[in-house]
Amino acid sequence: MTQSVGRPLNRVDGRDKVTGTARYAADQPVAGLTHAVLVQSTIASGRIKAIDTRAARSAPGVLGVYTHENLPRFAYRPDGYTFPYGQSLVPMQDDTIRYGGQHLAMVVAGTPEQARHAAALVEVDYDVEPPIIGLRANLDRAYAPPTTVPGVIQLERGDPGDGLDRAEVRIEAEYSTSINHHNPIEPSATLAVWEGEDLTLYESTQSMSFTQEVVARMLGMPRERVRVVVPYLGGGFGCKGFVWPHTYLTAAVARVVGRPVKLVLTRAQMYTSCGHRPESVQRVRLGASKDGRLTGLTHHVISHTASHDLVNFTVIASPQAVYACPNLRVSTELVEVNLGTTIATRPPSGPTNEVLEMALDELSLELGVDPIALRLANYTDRDPATGARQTRYLRECYELGAERFGWRRRKPEPGSTRAGEMLVGTGMAGSFHNWHGMTAQASVEIDTNGRAFVRSGTQDIGTGTYTIMTQIAADALGMRPSSVRPRLGDTRLPPAASSSGSATAVTVGTAVREAGRAAREKVIGIAIADPRSPLHGAASAAVETADDRLFLKARPRRGETYRDVLARHGSPVEAQGNADLANQAGGSYGAVFAEVHVSTVTGEVRVTRLVGAVDVGRVLNPKTARSQAIGGMIWGIGMALTEHTLVDRRLGRIVTANLAGYLIPVEADVPDIDVIFVDKPAPDASALGARGMGEVTGTGTVAAIANAVHHATGRRVRQLPITPDLLLGPRE
Amino acid sequence: MKAFRYARATSQANAVTLASADPTAVYIAGGTETLNLIRDGLLAPDLLVDVNAVPADGIAWGRDVVRIGALTSMAAVAGDARIRTRLPVLSEALSASASAQVRNMASVGGNLMQRTRCWYYRDAALPCNTRIPGSGCPAIEGENRWHAILGGSEHCIKVHPSDMAVALTALDATILIRDAQGERRVPIGDFYRLPGSTPHVETALPRGGLIVGVEIPSGLTRSRSGYRKVRDRASFEFALVSVAVSLDMDGDAVREARIALGGVAPRPWRAVEAEEAVRGRRLDPDVLEAAAEAAVRGAVPREHNGFKVELVRRTLADVLARIGGKR
Amino acid sequence: MDGDADGQVSRRQVIVAGTVLAAGATVAPAAGQRPAAAATHAVPEVVGPGEVEVSLRVNGTIRETAVEPRVTLLDALRDRLRLTGTKKGCDHGECGACTVLIDGRRAKSCLTLAIMQTGAAITTIEGLAGSERLHPMQAAFIERDAFQCGFCTPGQIMSAVGMLAEGRPRSRAEIRDRMSGNLCRCSAYPNIVDAISDVAEGRR
Ligand SMILES: Cc1cc2nc3c(=O)[nH]c(=O)nc-3n(C[C@H](O)[C@H](O)[C@H](O)COP(=O)(O)OP(=O)(O)OC[C@H]3O[C@@H](n4cnc5c(N)ncnc54)[C@H](O)[C@@H]3O)c2cc1C
Ligand code: FES
Ligand code: FES
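Chains as they are written, first to last, in full-length UniProt numbering: chain A, 1 to 732; chain B, 1 to 327; chain C, 1 to 204.
If you're looking for bench data, these hints aren't it; they were derived computationally from the structure. There may be inaccurate statements among the hints.
Simulated DEER-style distance windows between Cβ atoms [claimed, not checked]:
#1 A/ALA585 - B/SER135: 50 to 56 Å
#2 A/LYS522 - C/GLU166: 55 to 61 Å
#3 B/ARG297 - A/ALA173: 34 to 40 Å
#4 A/ALA50 - B/GLY182: 49 to 55 Å
#5 C/GLU166 - B/ASP284: 40 to 46 Å
#6 A/GLN719 - B/PRO55: 52 to 58 Å
#7 A/ALA173 - B/GLU293: 32 to 38 Å
#8 A/ARG223 - C/ALA173: 50 to 56 Å
Here the structure is a predicted model, which means the values were calculated and not measured. Note that the Cβ used here is the ideal one computed from N, Cα and C, for glycine as well.
Can you make the complete structure from the sequences, with help from the hints?
Below, the structure written as C-alpha cells:
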C-alpha cells in the first residue's frame, strides 16, 4: 500500500489558485454590497477636538459616516492586552488618540470610489501632544516589566555573574533590530453580512474561532450567531492571527447600515491596523572556556511596546533552550511608545535567536574555533528546564548542511576571498523555534459514491493544510488522495484552533487521522456485517484498506471498494476525530548556511547561496514543506538586508507605509535555495511524528547572512537590516 | 479619488487646447504616476486629458539628433537595439527603472514629469513645501536617508526619482514642448528647477504644455556611456545613488565628459566640476579621485544621508574607470 | 449614482475609440484596433465625471459596463465584471498582484483607468486558458509548487506569460530580474523561477 503522507503531492487547491477561482475574503460575491473605508488619525498622541463629517455625509453615494460620536458602544472592552484581541484599545469610543493610524471614522458608500473619496472629506481637528517615538531615543524610559506581562521573560539559571567571571574568553556586544511589518500581499479584509440576528463574516484571518469569539463578545451576541468563512487566506504571518478592531467595527457598522459591508484595508493602513514587530536593542554577554564551552550567558532585550498595550513580542526563546549553558540570565525591558500594538511576526523568536547566533559567531572568532565546532561544544539534547531527553537531530543538521554547502573548504579569515569587485563570505547559524500544539476537531464522511469528505474548521494560510488533510485522511482510510475532498475555512465545520505557531499541520492532522481511522472502522464494521459483502464474517482486524478498497490481509484479492460497501449501505458514514495537543511542546531545530557577495564599491550585499538543514520530525509533504522552508529563509534575507519601517520621531508617523519604501525581497534578491530535511519521526512531539515547521525555518538565515557579511568584509554590523551605507568601509 | 472628467486627445493641438482650457487639467499617458498622485490626494484634477492617442510615438534616427517621441514606452526605448548599442547609458538607466510592467505602460514624457518620491511629499497628511508652500519640510530634521545632499535648500531636500532623466542629462538632451504658443525646445539642464524658496515650482513646463519628445545629439551615439544604480534591493527600487557617464575618448585621455548623478539632488544633477576634473586627462587613480571629490563638493549631508557623499564618490570613480576602459 | 459632488446631472455616455456616442448606441471596437486609429483633429468630447458606458474586451468577450472615469481597470474587473481572479495588493503599482495582459503585454491594472482601455484586448487569469485545460504556465506553477497562499499567483502567472512573450530569457538570473515587479510574501521565488524555466525550455 502506497502511503500518501511523506510524498510530494501537488497542492490539491492548486488548480483554484492558478486559475483565479480561489475566493479570498474580498472576492466574495455578495448581493447589495456596500463599501467601507477607514479614516485614521494622522497624529500619534492627543485628542480629537472636533470631527467634521458633513462634507463626507453629503458626498455622492454615501450611506453613513461613523465616528465616536455616533457609533453604538461596544459591549466589551478588554482590560489591558488580552489574547486573542489584537489590541485592547477599542477605537471610535472616545476622543483620545494613542497612536498614529488609530481608526477615527468609517465611511460607507455604494461604490469603493465613492467611499474612498468621501473618506478624504472627513476633517479632524486635533489637540496634538508630542508623541514618544523611537526606542534608542527613549532608552532612559526602559523598565523591567513583571512576567505577568505577556511574552516577558525574566529568567536566571545557575550563577551567570560567576559563570562570566570564570570564563577564559568573553565577548560583550550590543545589537539592534528594526521595526518590521508582516505585509502579506492580501491586505486584511472583512465582509460583514447580517441576516436578522445572524452575522456572516468573510474574513482574512488565521483564526476563525478567535474571530468568532471576539466579534460575538464585542457585539454582545451569542457565539453561535457569528459565522466566519475563510476558504482562502492570502498570507498572514502573524498579523492575521489576532482579531483587530477593523473586523468588529465593520460588523457593527454593517448592522447599523442594514446592508452587507466590505472593508479592505489599504496597504498604508496595513502598517497601523494589525500590529508590527517592535524594534529592539539587545545586549549579549558570552563567556566560555578555551575549548568553547559556554560558562555564562546573559541576553538582555529592550524593545518597545504600545503605551496602551503592554506586551512583549521580542520573545527570548533560544538562549535558554538550544545550548547547554549552566549559568544564564535572560531579561526583558520595555519602552512605551505611541505606536500601534506590537504583535508576533514570523518568526516570533527571530530577533533574539538571530542576535544570539551573531554573538556566537563573534565568540567563535574570539576563540579561534570553527562556528560549528563551537555549537557542538555546547550541544545538548535535553530539555534545559526539565532535563528530559528529547528527540533532537540538530547534530545531523550541522553535518548535512555543512556537507551540502561545502563548509569545510571555508577559509576562516575574514576578507580572504574576492571575486572581481565583490568580497565573498560565508556564514552559518542555528535555527530554533519553540513549538506548541493546539486543539482541533475533524470529521470524515464517506458518501454513497465512496468519496470521502474530510472537514475541519481550520484555515489554509498557504501552508498546505488542504493538501495535508487530504493526505492524512487518505492514508487513514486506505484511499487514494483523489478520492478525498477536504473542506475547511468555515466555523460550521468541526472547530479547530488558529493557524499560527507552527501548530496546524500537526494538530489538525492528528484529528483528521483519528476521524479517518474511526470512519474506516465503521465501514469495515458495515462490510463484515453485510452478507452481500465478500468480507462478510471476517474479523475486523483481518481487514486491510488501500487504494479505495477493503480486503482481507491474507487474501488481498478478496475484497471490495468503499463505494461498493457504501452504495449497498445506502447512506453516508461519518466519524469524528479529536486532537488535544495543547500540552505538547518542544523545539524544532536547524542550521542555515549562507554565502554573500559584498560590493567593495557600493556596499551592496547580495545573497548568492543558501542551504538550510532542519529537523522538524517527520515531513508530511516534502513539496509543500520545502516551500515553507524556502519562504522562511527568504524572510530572513529581508530582515537581514532590506526590511525596516521608518517612523518620523516628531510626527509619530510611519513614512515607509507602502511596498516601495518598505522593501520586502523581490525575485532578484533570492538565490537558489537548498533545503535538507532530516526527516526522522519525533514520536515525543506528536503521533504523526511531525513537529512544528512553519517558524523554525524562518530563523537562522538572518544571522547566517550577517555572519557571512562579516566573513566577507571583516566588518561586524550589529544592526539590522545591513544596508549598503553600513558597509561603506575605508576605501581601497 | 476625486471624480473627474475625461477626454481622449487625438492630436497634439487638441491635447493642448483641452488642457489649457481647464486650470486643473492633467495629462495622463501611461498613468503609472498620475493615478497614484490622484489616489493619494496629491493632485486633484477636474479633467484628465488622455494623450495616448496623440501621435508622438517612436524613435527617429536623424542626421543631427535622435528624437524619441514622448509617448514611446520606457520598455520600447530600453529594448531598442540601436539605443542599446549606441546609447547604452539610456538603455541601462531605463532597464534599471521600476518593473517590467511599469516600463511597458509608462511613457518617456510621463517619466520626465514624475514627482519626487520623498515620503513627506507623498503623504497628504503631512506638511511639505512642495505640496503646500509654506507648510514646512519635515524631511530636513526627519527621516532623510533618501534625501538630497546637493541642490537642496532650507525649504526642501527632495530627490528627483527618474533614472532616465539622469541618463538624458548625461546625454545633453533637449526637451520638446508644445503649448498654445507653439513648440519650444528646452535643454534638460534648464528644464528642472532647484527648490530654492519655491519648491513647488519644479519644471519649466508651462501650464497646458505637452512634452512631445526629447532629442539627443547624434554625435553622442559615438561616445562611450554607462549607468550604475545603487540600491538596497537588487531590483524594483528607486536609486539611493546613481551615476550616468558619457565619455568621448581620445586614446587614453578623456576629450569630453558628461556626468550626471541621480538620487542626490532635487533634479538630475549635472556634475560639471567632475567633468572638468577629467577633461583632457587620463583616468588615473588621482584623476578619478579628483573627479569624485569634485562631484560632492558643497554637499550638505543630513542626519541619515551622509553616506551618500561617500557612495557618490565611489560609484562615480567606478563608473568612470569602467567606461573609460580601465576596468 | 445620478449626480456628482457639484450637483451636476451626469450623462450616461458611451465611449468607444476616442469618440463619444449617444447612450445606447454601443459600438464594439474591431479586434486589434487601438483608439489611435480613430484620431481626428476636432476637439474630443469630454465625458464624466458621472458614469460612462464603456465596452471592454476582456478574455475575448466584449463586456459593457458603466464606470466613472476615475475607476481603475483593476476595480472595473473586480467590482464591475466580477473577475476577482486579478488581485489588489497595494493599489500603487508596487506589488504586481493586479498584473493582466493588455494587448498581450503585461501591465498593472491598478495603474490604468478602465476608460483608457476601451478597445484594448485584456486578458486576465480567468481567460488565460480554455475552461477545462490549464495554460502550461498554470500547470508548471502547480507542479513546481510556485505559490503558497496563492494571492500573488494570478499576477505572477500573467507576468510570467507576458515576460516570455517579450523574449526568451537566457538565464535564471534574467528571469529573476524580469520578474522582480511581482512580489510574493510567501516567498515562492525559487519555485516561480523553476516553473518559468520549465515553460521557457519547453518542458511543459
Ligand atoms: C512601483 C513603481 C516603481 C518605480 N520605480 C522607478 C524607478 O526605479 N526609476 C524611475 O525612473 N522611475 C520609477 N517609477 C516611476 C515611473 O517611471 C513613472 O511612473 C513613469 O515613468 C511615468 O510615466 P507615465 O507615462 O506612466 O506617466 P503618467 O502617470 O501618465 O504621467 C505622469 C505625470 O506626467 C504628466 N505627463 C505625462 N505625459 C506628459 C506629456 N507628454 N507632457 C507633459 N506632461 C505629461 C502627467 O500629467 C503626470 O503629471 C516607478 C513607478 C512605480 C509605480
Ligand atoms: S495592486 Fe497593482 S501593483 Fe499592487
Ligand atoms: S503565494 Fe502568497 S504571496 Fe505569493
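Taking the hints in turn, this is what the structure says about them:
no.	hint	verdict
1	A/ALA585 - B/SER135: 50 to 56 Å	54 Å, holds
2	A/LYS522 - C/GLU166: 55 to 61 Å	57 Å, holds
3	B/ARG297 - A/ALA173: 34 to 40 Å	38 Å, holds
4	A/ALA50 - B/GLY182: 49 to 55 Å	51 Å, holds
5	C/GLU166 - B/ASP284: 40 to 46 Å	42 Å, holds
6	A/GLN719 - B/PRO55: 52 to 58 Å	53 Å, holds
7	A/ALA173 - B/GLU293: 32 to 38 Å	35 Å, holds
8	A/ARG223 - C/ALA173: 50 to 56 Å	53 Å, holds
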